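Protein sequence lines, in the order shown, are assigned to chains Y and A.
Counting in the working numbering, the first sequence runs from 8 upward without gaps.
Counting in the working numbering, the second sequence runs from 3 upward without gaps.
Hints may be right or wrong, so weigh each one.
Computed beta-carbon distance windows for the label pairs [as the list claims (entries may be wrong)]: (1) A:R56 / Y:T88: 27 to 37 angstroms; (2) A:V504 / Y:A93: 50 to 60 angstroms; (3) Y:I101 / A:A59: 51 to 61 angstroms.
Hint data in this document are derived by calculation from the structure and do not stem from the laboratory.
Predicted, not measured: the structure shown is a model, and the values here were computed from it.
Glycine included, every Cβ here is placed at the ideal spot set by N, Cα and C.
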Amino acid sequence: MKGPNLGEFEELVLLAVRRLDREATAGAIQALMQHEARRRATLGAIYAALDRAQRKGLVESWLGEATPVAGGRARRHYALTHAGLAAVRESRRIREAMWRAPEQTT
Amino acid sequence: MSQRPVEIGRLARALLRAGLSRDALERALADLYELHQRIAPVRGAAAARRACVREAAFILLWAAIERVRRMGERRPIPGPPRKATMVSDLGRDFRYGARALRRSPGFTAVALLTLALGIGANTAIFSVVDRVLLHPAPYPDADRIAVIGWDWGGGGGETWALSQVKAQFWKENGRAFRAFAITDDAQFVLTGEGEPEQVAGELVSDGYFDVIGVTPALGRGFAAEEDRLGGPAVVILTDRFWRRAFGADPDIVGRRISLDRTAHTVVGVMPPGFHGAEESNIDVLAPLRLVVDPRSQGHNYFAFGRLAPEVTRDQLASDVDLLEARFVDAYPGVVSERQSFRFIGLRDLLVGDFLRTAVWLLFGAVGTILLIACANVTSLLLGRADARRREVAVRTALGAGRARVVGQVMAESLLLTLAGGALGLLFARVGLDAILALAPEGVPGLDQVGLSVPVLGFALAVSVLTGVGVGVAGALSALRSDLGALREGGRGQTSSAGRIQVRGLLIMGESAFSVVLLVGAGLLLASFFRLRAVDLGFEPEGLFAMEVRLPTDRYGNTEATWRFESQVLERLRALPGVTAAGSAANLPLVRGPNLGVTVLSPGERQHDVVEFRAVSPDFLDILGTRLVAGRGFDQSDGAASPPVAVVNEAFVRRFFTNEEALGATISIDGPERVVVGVLRDVRDMDLRRDARPTVFAPRSQAGDGATRVMNDVFAAAFAIRVEDARGLEAAFRRAVQDVDPDQPILRMRPMTEVAMASIARDRFNVRLFVTFGALAMVLTAIGVYGVVSYAVGLRTHEIGLRMALGARRGGVVGLVVSRGMVMVLIGVAIGLLAASAASRLLAGMLFGVSPGDPAIFAGVACLIATVALVASHVPARRASRVDPMIALRAD
Numbered sequence: 008m009k010g011p012n013l014g015e016f017e018e019l020v021l022l023a024v025r026r027l028d029r030e031a032t033a034g035a036i037q038a039l040m041q042h043e044a045r046r047r048a049t050l051g052a053i054y055a056a057l058d059r060a061q062r063k064g065l066v067e068s069w070l071g072e073a074t075p076v077a078g079g080r081a082r083r084h085y086a087l088t089h090a091g092l093a094a095v096r097e098s099r100r101i102r103e104a105m106w107r108a109p110e111q112t113t
Numbered sequence: 003m004s005q006r007p008v009e010i011g012r013l014a015r016a017l018l019r020a021g022l023s024r025d026a027l028e029r030a031l032a033d034l035y036e037l038h039q040r041i042a043p044v045r046g047a048a049a050a051r052r053a054c055v056r057e058a059a060f061i062l063l064w065a066a067i068e069r070v071r072r073m074g075e076r077r078p079i080p081g082p083p084r085k086a087t088m089v090s091d092l093g094r095d096f097r098y099g100a101r102a103l104r105r106s107p108g109f110t111a112v113a114l115l116t117l118a119l120g121i122g123a124n125t126a127i128f129s130v131v132d133r134v135l136l137h138p139a140p141y142p143d144a145d146r147i148a149v150i151g152w153d154w155g156g157g158g159g160e161t162w163a164l165s166q167v168k169a170q171f172w173k174e175n176g177r178a179f180r181a182f183a184i185t186d187d188a189q190f191v192l193t194g195e196g197e198p199e200q201v202a203g204e205l206v207s208d209g210y211f212d213v214i215g216v217t218p219a220l221g222r223g224f225a226a227e228e229d230r231l232g233g234p235a236v237v238i239l240t241d242r243f244w245r246r247a248f249g250a251d252p253d254i255v256g257r258r259i260s261l262d263r264t265a266h267t268v269v270g271v272m273p274p275g276f277h278g279a280e281e282s283n284i285d286v287l288a289p290l291r292l293v294v295d296p297r298s299q300g301h302n303y304f305a306f307g308r309l310a311p312e313v314t315r316d317q318l319a320s321d322v323d324l325l326e327a328r329f330v331d332a333y334p335g336v337v338s339e340r341q342s343f344r345f346i347g348l349r350d351l352l353v354g355d356f357l358r359t360a361v362w363l364l365f366g367a368v369g370t371i372l373l374i375a376c377a378n379v380t381s382l383l384l385g386r387a388d389a390r391r392r393e394v395a396v397r398t399a400l401g402a403g404r405a406r407v408v409g410q411v412m413a414e415s416l417l418l419t420l421a422g423g424a425l426g427l428l429f430a431r432v433g434l435d436a437i438l439a440l441a442p443e444g445v446p447g448l449d450q451v452g453l454s455v456p457v458l459g460f461a462l463a464v465s466v467l468t469g470v471g472v473g474v475a476g477a478l479s480a481l482r483s484d485l486g487a488l489r490e491g492g493r494g495q496t497s498s499a500g501r502i503q504v505r506g507l508l509i510m511g512e513s514a515f516s517v518v519l520l521v522g523a524g525l526l527l528a529s530f531f532r533l534r535a536v537d538l539g540f541e542p543e544g545l546f547a548m549e550v551r552l553p554t555d556r557y558g559n560t561e562a563t564w565r566f567e568s569q570v571l572e573r574l575r576a577l578p579g580v581t582a583a584g585s586a587a588n589l590p591l592v593r594g595p596n597l598g599v600t601v602l603s604p605g606e607r608q609h610d611v612v613e614f615r616a617v618s619p620d621f622l623d624i625l626g627t628r629l630v631a632g633r634g635f636d637q638s639d640g641a642a643s644p645p646v647a648v649v650n651e652a653f654v655r656r657f658f659t660n661e662e663a664l665g666a667t668i669s670i671d672g673p674e675r676v677v678v679g680v681l682r683d684v685r686d687m688d689l690r691r692d693a694r695p696t697v698f699a700p701r702s703q704a705g706d707g708a709t710r711v712m713n714d715v716f717a718a719a720f721a722i723r724v725e726d727a728r729g730l731e732a733a734f735r736r737a738v739q740d741v742d743p744d745q746p747i748l749r750m751r752p753m754t755e756v757a758m759a760s761i762a763r764d765r766f767n768v769r770l771f772v773t774f775g776a777l778a779m780v781l782t783a784i785g786v787y788g789v790v791s792y793a794v795g796l797r798t799h800e801i802g803l804r805m806a807l808g809a810r811r812g813g814v815v816g817l818v819v820s821r822g823m824v825m826v827l828i829g830v831a832i833g834l835l836a837a838s839a840a841s842r843l844l845a846g847m848l849f850g851v852s853p854g855d856p857a858i859f860a861g862v863a864c865l866i867a868t869v870a871l872v873a874s875h876v877p878a879r880r881a882s883r884v885d886p887m888i889a890l891r892a893d
């Protein structure tokens with residue numbers, strides 16, 4: 008998939024996955040977004056974004072171990088793929104390029 | 003602290019269960035529990051529960067949104083769904099087929115190779131058919147060009163050339179033609195561009211470019227005043243010669259080049275692909291400037307025209323009759339009663355019956371090979387279908403329709419044949435190079451043969467047709483698979499037995515086709531050996547031939563020509579290892595001049611046109627010809643002595659009874675001659691034809707006019723008897739150039755090669771037919787081996803049982819072999835019948851062999867039977883070595 012156009016929300020989710028490294032679960036992503044971006048996101052929206060990213064090959068997921076916090080269930084963990092990492096980097100490059108001082112843009 | 007599931011709330015769980023897949027539900031529940039654990043200690047259990055319900059609602063909402071979105075992605079436009087499905091099915095079938103073929107490399111390799119051989123051979127021969135048969139004359143509307151010739155009557159054959167008078171008469175009176183032209187071939191010596199070089203020329207009358215419909219690519223054609231005696235010396239170059247001798251100089255037009263030591267101005271260059279109208283491999287065109295000499299009777303002028311738009315073949319025929327009557331009136335005494343004008347299409351003339359038959363037969367032969375290859379591949383596919391019966395049965399049971407199963411099989415066979423076709427193109431390329439290397443000289447258009455667009459189209463069409471044909475057979479077989487194959491260990495004996503029958507039929511067909519091909523190859527081979535054994539009337543062994551074209555500016559009369567030849571002969575005879583050397587106006591088995599002869603005595607005057615050969619006194623001795631009566635020439639028969647002639651037996655048969663011939667007086671090239679000897683017939687030009695009436699005369703006594711014509715049109719030849727010519731060629735060349743430094747050598751070769759060149763087409767046919775016959779035989783052997791192996795595999799159990807019950811090994815071998823051989827023998831019988839019909843097509847190409855030669859038919863039948871016996875014996879012996887215990891356990 009060449010140059011996937013990341014939506015703003017999708018980008019925040021992927022950045023959260025990156026920051027949380029291999030500890031990224033939907034709940035952890037939700038908490039991080041609340042804390043860092045002051046953004047209230049429902050789990051449903053996060054799931055939708057993660058599922059879409061997974062279909063595009065930007066993230067991969069696996070079931071972790073069953074834990075007491077999850078009521079004895081296994082939570083699904085997420086991590087960026089190479090393509091996912093490339094996508095957020097590209098998105099950052101575009102922002103930085105756009106933020107350069109006016110005389111440097113030519 | 004409660005960890006019971008109830009804590010996220012019944013409502014939330016109920017909601018999620020209603021709307022999520024199992025995986026999504028598990029994920030949501032785990033995350034909701036975690037959320038609950040995070041909130042409850044801070045804000046209380048009730049708040050946590052509310053938060054969970056709210057999240058659950060959003061999860062459902064988002065899941066629904068996503069589902070709708072994805073439905074939209076999957077079917078963005080509500081197009082015709084059936085078609086889309088078929089296309090995607092096709093893609094899937096091809097992908098699946100490719101995987102299946104990759105999984106069984108052995109099967110794929112054998113099938114690919116077989117198909118590539120079949121398709122490659124067909125493509126190679128088709129490219130020859132396309133060029134040589136379908137487009138031999140590279141002129142627009144070539145089928146509107148007709149050639150006028152002369153029928154000698156009384157079995158003397160036809161000549162597609164006219165005398166000066168006849169050619170000019172047609173040019174002036176041929177009303178059926180829009181344009182008419184006369185050509186003659188000529189040789190020039192190019193000097194001033196390095197070594198002196200022999201240049202092949204075509205002398206053309208005005209109207210030439212209108213007839214062929216091709217004009218020079220550079221410069222212009224000849225102007226009318228350039229075709230008159232005394233007109234400016236001008237030439238037009240062929241593209242090939244322009245590139246070879248002048249490096250495709252773009253400023254060539256207007257340049258002066260030296261031909262026969264005369265400066266000629268280049269006025270044009272013909273487009274690529276043009277090689278001359280009659281002869282191929284022409285280097286230059288020059289104006290003919292025909293001045294008709296009514297006494298000249300040599301039929302050396304090619305006369306042809308482009309038909310006027312509305313003229314039909316029948317109209318041309320009646321025009322030919324009309325002009326013949328007028329010609330007889332205009333020139334009384336020239337035409338005898340049996341003789342007449344003839345016409346033929348240029349294309350038919352260039353190709354000729356022999357070549358046309360040969361190429362079509364080759365095409366038939368490779369077509370047969372393709373059929374055999376298809377039979378083998380079908381047989382392989384059937385075997386594979388058996389191995390996959392369970393798979394097909396499972397697919398059918400799971401709801402795959404018949405169309406899906408057929409599509410699958412078709413996709414696989416198409417993949418095979420398309421890949422086979424691609425590989426076949428490689429084979430065709432290699433095969434074509436071999437064919438071109440072996441091909442005899444003078445096949446029109448052969449140098450243009452290549453893998454052109456029509457040829458690639460043909461290869462593609464053959465590949466697809468083969469794929470469909472083979473696929474249909476495989477699909478029919480696959481459809482017969484029944485659910486019985488699903489039963490554990492189900493052998494489906496009835497179905498396999500049916501398939502053995504199908505494969506038996508395939509073997510039968512292969513054997514029949516092989517017999518037809520091999521009978522053809524056998525007949526041609528036998529004919530070729532007979533041709534080679536033909537008594538030439540002379541001994542080519544130990545003779546070396548050297549040919550030169552003597553330009554008429556220096557060698558325009560008998561004295562200069564004979565002085566040159568005798569000086570060269572003197573030098574040749576002085577060379578070590580040379581025992582004798584002679585010269586002649588042309589080599590035997592090479593086209594020579596014909597002249598009008600009048601027999602003056604005894605009896606009443608008789609007139610006809612006969613072959614004329616001017617030779618050095620010892621030439622006939624050196625050739626090893628045999629005298630029937632009288633004497634040959636000797637050194638006393640010089641320019642000053644009374645003119646003499648030796649005639650051949652055919653001449654005697656034509657004009658005299660044997661006793662009268664010696665001492666007869668004839669007039670052929672001017673002087674009256676006395677016949678002093680009668681020679682045994684020497685084969686001329688065509689080994690298949692009996693010798694034509696021929697007069698031999700000493701070179702030194704030939705008339706100046708005849709010498710000029712001979713030097714103009716034919717290559718003078720030296721025949722050198724020598725122990726071993728190796729290393730002497732430079733000395734031969736020096737012998738010529740010591741006498742005339744500007745005289746190039748046309749050709750040097752052993753006389754045996756001259757003899758072989760006259761049967762080059764036969765040799766070519768034989769080689770190809772024998773190659774194809776052998777290929778057919780190998781493919782058939784592979785087919786028989788495959789089918790018998792397969793049958794043995796299926797019957798391992800039965801064979802084990804028989805062995806366990808005490809059957810002897812020989813009995814088992816016999817049992818297995820006999821089943822296969824029955825089909826082969828039936829096939830051989832059918833093949834013999836078909837061959838007896840098909841071999842009649844070969845009749846025109848055979849020499850000394852009857853198309854129904856029983857020895858060849860019997861030999862081929864035995865050969866195929868033996869090969870099949872060996873091929874089926876191998877798996878049969880393997881079967882007989884089966885350990886009964888293992889066989890009985892076999893599935």
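Evaluated hints:
no.: 1; hint: A:R56 / Y:T88: 27 to 37 angstroms; verdict: 32 angstroms, holds
no.: 2; hint: A:V504 / Y:A93: 50 to 60 angstroms; verdict: 57 angstroms, holds
no.: 3; hint: Y:I101 / A:A59: 51 to 61 angstroms; verdict: 36 angstroms, violated
In the structure shown, a violation is registered for the earlier hint numbered 3 alone.
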